[in-house]
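Enquirer: The primary structure of each chain is shown beneath.
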Amino acid sequence: MQPLKRKHAPGAPSRWAYRAERLWLTPVVRNGLRFGVPVLVLGGLAAFYLGDPANRAVLLNAGLELRRSIVERPEFMVSSVSIVGASPEVAEDIGDVMGLDFPVSSFDLDLDPVRQAVTGLDAIARADLFIRPGGVLEVRVVERTPRILWRSENGLELLDREGHRVGAVTRRGARADLPLIVGQGAEVAVPEALALLAAARPVEARLRGLVRMGERRWDVVLDRGQRILLPEEGALAALERVMALDQAEDLLSRDVVAVDLRIPARPTLRMGPNAQKIFQEIKAMELGATSG
Amino acid sequence: MSNLYQSQRAMRRMRKQAMDRGVVAILDVGTSKLACLVLRFDGSDRLRDSEGVGPLAGQSSFRVIGAAALRSRGVRFGEITAMQETERAIRTVVQRAQKMARQRVDHVIACFAGARPRSYGLEGGVDLSGHVVKEEDVASALASCEMPDIGPGREVLHAQPVNFALDHRTGLSDPRGQIGKRLSVDMHLLTVEGSVIENLIYCIKRCDLELAGIANSAYVSGVSSLVEDEQELGAACIDMGGGTTGVSVFIKKHMIYADSVRMGGRHVTSDICQCLQVPFDTAERIKTFNGGLVATGMDDREMIAIGGETGDYEHDRRTVSRAELIGIMRPRVEEILEDVRARLDAAGFEYLPGRKIVLTGGGSLIPGLDAVASRILGQHVRLGRPLRVQGLPQSATGAAFSSAVGLCLFAAHPQDEWWDFAVPSERYPATSLRRAVRWFRDNW
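Each protein sequence line maps, in turn, to chains V and R. Its first residue numbered 1, the first sequence is counted upward by one per residue in the UniProt record's numbering. Its first residue numbered 1, the second sequence is counted upward by one per residue in the UniProt record's numbering.
So that you can see chain V by itself, here it is in the shape it has in the complex (with noise of 0.2 Å):
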């Protein structure tokens, strides 16, 4: 009879050898002996270590130094800056504006704020901040024109196409080159205005300028106090009406005090105060011959 413990046959593994082995193989012994227990270990030298808050402060502290240290290298600091498309009092307001003191790291410069700080400036229509190499901080921007003076009880302001203010001045004489449109709420009417003044170019020189009635229509006045006094809609067809009887009868050069189409169907005339005796003479005399 052979012995009951032999030695084991080569490359034969022991019982707990194998079951060693099987356990190895299962995914769940694997995988937590990997990674898990890797984790574990770091995690947990890593949470005695950031236990005491001298080595956190510590920490903290080199990682602080770290960034300065690099944040602060010349080639991340942006020291001047450029305005390119702006008048000298309007880049003088921006520089105000933008209250950086350079040198700024550009890591510490948050470039969507100021460019809101410009665009807010009435005279800028746009702004585009760039930062150029050689630590300049580019603005690019886009003034605003002004078309139109408008004369409020703030003042004479310049408004631009938009109606958007873009400044002011304290005389009409010093932007005599620029119409002129008068009353409350005048201000969002622009672009129409701009319309209607253009329609009225045939009678430019004789032109004062716009009223805004009640914030809803436009009054056209003249000099000799003429008015012609527009419908709230339809504004621009009406006063191409009465530039082509203008044109074609010489209406507003006779003695009309007003050319009233604020109902486009029933425009009226208001006469001025020769031209009704004379006309009230003219009735009496037709009157007089027929009835004579």
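FYI, nobody ran anything at the bench for these hints, they're computed from the structure. Ideal Cβ positions, reconstructed from N, Cα and C, are used throughout, including at glycine. Do not rely on the hints blindly, as some may be mistaken.
[Stated by the list, open to error] With a Cα cut of at most 20 Å, we get these calculated EDC-like pairs of lysine to aspartate or glutamate:
1) R:Lys33 - R:Asp281
2) R:Lys99 - V:Glu157
3) R:Lys252 - R:Asp42
4) R:Lys205 - V:Glu21
5) R:Lys253 - R:Asp149
6) R:Lys252 - R:Glu350
[Unchecked claim] Simulated restraints, written as ranges between beta carbons of each label pair:
7) R:Ser173 - V:Leu40: 51 to 61 Å
8) V:Arg30 - R:Arg434: 39 to 49 Å
9) R:Arg176 - V:Leu40: 33 to 43 Å
Based on the hints, put chain R in the right spot on chain V.
Expert: Just chain R, lined up with the frame of chain V:
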């Protein structure tokens, strides 16, 4: 017997569990070689959709991801004789296959060659309860088969219904849903010695593995090495293993007979070993490199160095001609084949429509075997190699692995056995709760 019946049912459950998990090991416990394959089942549906691959006899549903073969220890005539040795060998081979698969395997399906298989043909029949054949009718037809006297200490390994007949129509493979009055069934019963199975089950259990199925190796090597028309028309598979030579006869894709001759390749080797007075390993080496069965004039001149390590010059320099070697091997092979012939005659093999004989197993690799076999067994002899399965390494595609490959197919698509059907209600113990439930269901 009911004990094994229950454990067969448990094994089927285990197999189902293994399929769900997707990994199962195949273990072929042979006399000279232990083979372990690890299969991964990843659902045939996925493959079929993407690649247009058909079922291919069920092999497309699995892939071999680990394979190992090892010299067997402690196995004689396909039966475990030294438990510790075999257990250690099984552990080694399973570990190697696992290592290759890089996955742990918990379920194993095993086959073995020995244990004196004996075939019985059974017949049973029932009158149908309703018009239509239902699963319960099949089960009770199977249960009505009269159990033959299989002898003491023997257990049923396979109990496969091979043919169903409904009234006068026979040759039905699946009678369910058909209409008739009387259902009768032919069943093939394969019994083996119980102690051998118990040893194997115990040995596998000691390796921390769950047994998910057990099969006779002659049967599974027939599954893998007979082609479809051979299985259909009738053929015998002769699995020439190390310690035993298995014989299985197939017709209509069912095994109808299995037997084994307790002689194999190891006997040839031990003949060489005794005649030439060399160690067993040297004899095995001489057999595999120089062996043959048909001598020609050339073989007289071809001298084979026997070698030896005794230090005696004369002894270590002996040579033997190949013709002499053939003279040693041939009588033993002829003896094996004549025994096989006797078994086939006893089984009435000559009455089958196609009398094809397929030689497979490691012993079939001896050159010239087909010539000798056709002289003894008849003209329709060919050498068989197992079916090709996905992922099998080249080293495991030879005839020696036909039972391992067949076991893969068996694992993927097991044959319906008696224990796959529900137990008919009259067989339950009288107090069983299940019987009450069944009665309730039948009557409402």
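Enquirer: A separate judgement is required for each hint: does it hold in the structure or not?
Expert: For each hint, the structure was consulted:
Taken as a hint, the Lys33 (chain R) and Asp281 (chain R) pair is honoured in the structure, with Cα atoms around 14 Å apart against an allowance of 20 Å. In summary, the hint linking Lys99 (chain R) to Glu157 (chain V) is not supported, as the alpha carbons are separated by about 89 Å, beyond the 20 Å threshold. Distance restraint check for Lys252 (chain R) and Asp42 (chain R): the Cα-Cα separation of roughly 30 Å exceeds the 20 Å cut-off, and the hinted pair is therefore not satisfied. Taking the CA atoms of Lys205 (chain R) and Glu21 (chain V), the gap is about 17 Å. The hint holds against a cut of 20 Å.
At roughly 27 Å between alpha-carbon atoms, Lys253 (chain R) and Asp149 (chain R) are farther apart than 20 Å, so this suggested pair is violated. Restraint check for Lys252 (chain R) and Glu350 (chain R): the C-alpha separation of about 16 Å stays at or below 20 Å, so the hint holds. A beta carbon spacing of about 59 Å between Ser173 (chain R) and Leu40 (chain V) agrees with the range 51 to 61 Å that was offered as a hint. In this structure, Arg30 (chain V) and Arg434 (chain R) meet the distance hint of 39 to 49 Å, their C-beta atoms being roughly 42 Å apart.
In this structure the hint that Arg176 (chain R) and Leu40 (chain V) lie 33 to 43 Å apart at CB is violated, the actual value being about 57 Å.
Comparing the model with each earlier hint shows violations of hints 2, 3, 5 and 9; every other hint is respected.
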